[in-house]
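> Construct all of the structure, not just a fragment, from the sequences and the given hints.
Using mature numbering (1 follows the signal peptide of the UniProt record, and there is no 0), the letters of the sequence shown map in sequence onto residues -23 to -1, 1 to 82.
The set of hints was computed from the structure by calculation and includes no laboratory data.
Using N, Cα and C, we set each Cβ at its ideal position, and we do this for glycine too.
One thing to keep in mind: the hints can contain errors.
[Stated by the list, open to error] Between beta-carbon pairs, the in silico distance windows are:
1) Gln70 - Gly(-4): 48 to 56 Å
2) Asp15 - His(-18): 17 to 25 Å
3) Glu72 - Asp7: 41 to 49 Å
4) Asp7 - Pro47: 30 to 38 Å
5) Asp15 - Asp61: 39 to 47 Å
6) His(-18) - Glu5: 17 to 25 Å
7) Arg11 - His43: 21 to 29 Å
8) Leu29 - Asp61: 30 to 38 Å
9) Arg(-1) - Lys69: 45 to 53 Å
10) Glu72 - Arg(-1): 24 to 32 Å
11) Leu44 - Arg68: 48 to 56 Å
12) Glu72 - Gly2: 32 to 40 Å
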Amino acid sequence: MHFLPHLIIWYFFFLAWRRGGNRYGVIECDSLAREGLDRTARHMVIPYVPMLIPPRKWKGYERGGHLFLPSYVMRTHGARQQQDAMKSVPRKQMEKVFEVASFFH
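Put into structure tokens, the structure is as follows:
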């Protein structure tokens, strides 16, 4: 006997219209998923919330990204050797890396 998995569509996308006739996309979460998120994510602290203004362009290992929270161009998970290696590379050589990081941030 074969059992089919119970499939749940967690997110819905639809178009809505403003009074002026402009349309915009809406992503809505399924009510079951929303209840689960309410139970689990309610107690989480999320410091890096979406920004209302663009982040600063990267100019160094620790210079760029979020305006007030510490941001690093590469995640090192505290590995001092990686941090030192990243900081020791000449700035001119890292310009392309900073440019790409600024593009995706």
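> Against each hint, give a clear statement of whether it holds in the structure.
Hint check:
1. Gln70 - Gly(-4): 48 to 56 Å: holds (50 Å)
2. Asp15 - His(-18): 17 to 25 Å: For Asp15 and His(-18) the Cβ distance comes to about 21 Å; the hint holds.
3. Glu72 - Asp7: 41 to 49 Å: holds (44 Å)
4. Asp7 - Pro47: 30 to 38 Å: Roughly 35 Å apart at Cβ, these two residues keep to the hinted range, so it holds.
5. Asp15 - Asp61: 39 to 47 Å: holds (43 Å)
6. His(-18) - Glu5: 17 to 25 Å: holds (20 Å)
7. Arg11 - His43: 21 to 29 Å: holds (27 Å)
8. Leu29 - Asp61: 30 to 38 Å: holds (35 Å)
9. Arg(-1) - Lys69: 45 to 53 Å: holds (46 Å)
10. Glu72 - Arg(-1): 24 to 32 Å: Cβ of Glu72 to Cβ of Arg(-1): about 40 Å, so the range 24 to 32 Å is violated.
11. Leu44 - Arg68: 48 to 56 Å: At 22 Å between Cβs, range violated.
12. Glu72 - Gly2: 32 to 40 Å: At roughly 35 Å between Cβ atoms, Gly2 and Glu72 fall inside 32 to 40 Å, so the hint holds.
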